[in-house]
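**Q** The residues making up each chain are set out below.
There are 2 protein chains.
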Amino acid sequence: ELADLSEAQFESRLLDGMRVLITAGPTREAIDPVRYISNHSSGKMGFSLARAAADAGASVTLVAGPVNLPTPAGVERIDVVSAQDMYDAVLARTAESDLFIGCAAVADYRPATVVEQKIKKQNDEMTLTLVRNPDIISAVSASESRPFTVGFAAETQDVLGYAKGKLERKKLDAIIANDVSVAGIGFNSDQNEVILLTARGEQALPRMGKQQLADALIEQLAQLLNSTDPA
Amino acid sequence: ELADLSEAQFESRLLDGMRVLITAGPTREAIDPVRYISNHSSGKMGFSLARAAADAGASVTLVAGPVNLPTPAGVERIDVVSAQDMYDAVLARTAESDLFIGCAAVADYRPATVVEQKIKKQNDEMTLTLVRNPDIISAVSASESRPFTVGFAAETQDVLGYAKGKLERKKLDAIIANDVSVAGIGFNSDQNEVILLTARGEQALPRMGKQQLADALIEQLAQLLNSTDPA
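Sequence lines, in order, name chains A and B.
Just remember that our numbering sits 433 ahead of the position in the first sequence, which is counted from 1.
Just remember that our numbering sits 433 ahead of the position in the second sequence, which is counted from 1.
Misleading hints may appear alongside valid ones.
Unchecked claim - Simulated crosslink set (BS3-like; lysine-lysine; CA at most 27 Å straight-line):
(1) Lys604/B - Lys551/A
(2) Lys551/B - Lys603/A
(3) Lys597/A - Lys551/B
(4) Lys603/B - Lys551/A
(5) Lys604/B - Lys599/A
(6) Lys597/B - Lys551/A
(7) Lys604/B - Lys604/A
(8) Lys604/A - Lys551/B
Derived from the structure by calculation, the hints contain no laboratory data.
All figures in this text were calculated on a predicted structure; none of them were measured in a lab.
Based on the provided sequences and hints, a complete structural model is requested.
**A** Take a look at the structure:
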């Protein structure tokens, strides 16, 4: 029992004193006051990671897009709507963070212009011009005193290939890849299975509940973080 | 006490034997497997109307877009995602319905093509071509044995003007107009205030909780329905 207790204490302190910044959920990009573009994301994975990081002793800030989820105990939550809002909230906190996990499904594009009044139906066809949103995780990894920067790659094909490309292109320390075309995992599901990739290798985490997976990921990331930072 | 009881019994039977079909929530129009276009709608108003109609003795079918709400007791719920799904679910049940209330915030347009794989970011600008979705409520009101057909007009300007135009153009029996530009009502709010319009006149229902408002609307609609149908 003593051994179990000390192990539990050790585990609960994996992120003791660490400041962790996590994004979760989708973003919404307004077309007009009633219409928007968004991405599928329940926010469950990011909220589970926030809870796991808090359980591991970290001081956690969760920047959340519009989701219907309760805030995990002890976590500071900042609600945002658009990718630009999320970018601003994250970049204001990047310098003070030790670990950043970009788990949100950020909209890559937003309508070029937001119409102030509801657009009335007129034609059979309508053309929407979209422009690129700022790339939050690239901005984090390019920041001067960058945190250990972890991204997600939710893909529907060649998942590992895209994930490796994203890891290098965005100069991430690690990336968590999952295949959202597989039924029963990802998005609105309660389960997930992922592969954690770094420049040094990859590790598969088999299908399990999102909270259990979040606990396992935080443990892995804490080990990476501690092995990277000699302090 | 006897008077109260008989009044309660009378009120609870305003829609006795009636079959009511209600749509609620937004629809989602897929751009690709991860992106979609949608409309702001919590579904609260439609779910409250379904509950109120069931409480009034009706047999209620609720066709719901993606929302996070529990199904009211005694209500048959059909979950749909896209406007086309909703159209199909509604039109299959129109002929057997006495009252239809179109409360869903149906997307007017959907992407012309749905891309099977996640679209990769490439250019700084992207053009999305949208095409019109089928008009559910116009199809209901044009159907051969049409139910008493009630629409909603969620507008941000000239609310009454647009509502009257919609009432006539879509050949509705009644329309419920609300100004979604006013803070604290509509969309994700728990309160609402509306104006109920028919060809014969209009009645304002002041700001109140959505369930209370739903009860009041069902009472008004039941009176209209009973005065329209001599049976």
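**Q** Compare the distance between the alpha carbons of Lys551/B and Lys603/A with 27 Å, and conclude whether the hinted pair is satisfied.
**A** holds, 19 Å
**Q** For Lys604/B and Lys551/A, compute the direct alpha-carbon distance and say whether it is at most 27 Å.
**A** It holds: about 22 Å lies between the C-alpha atoms, which stays within 27 Å.
**Q** Quickly compare the C-alpha distance for Lys604/B and Lys599/A to 27 Å and report which way the hint goes.
**A** violated, 53 Å
**Q** Are the Cα positions of Lys597/A and Lys551/B separated by 27 Å at most?
**A** Distance ~17 Å between Lys597/A and Lys551/B Cα, so the pair holds.
**Q** Is the straight-line distance between the alpha-carbon of Lys597/B and that of Lys551/A 27 Å or less?
**A** holds, 17 Å
**Q** Please verify whether Lys603/B and Lys551/A have alpha carbons no more than 27 Å apart.
**A** holds, 19 Å
**Q** Taking only the CA atoms, is the gap from Lys604/A to Lys551/B under or equal to 27 Å?
**A** The given pair, whose Cα atoms are some 22 Å apart, holds under the 27 Å limit.
**Q** Going straight from one Cα to the other, do Lys604/B and Lys604/A come out at no more than 27 Å?
**A** Not satisfied, since the Cα-Cα distance of roughly 58 Å exceeds 27 Å.
Checked against the numbered hints above, the structure violates hints 5 and 7; every other hint is satisfied.
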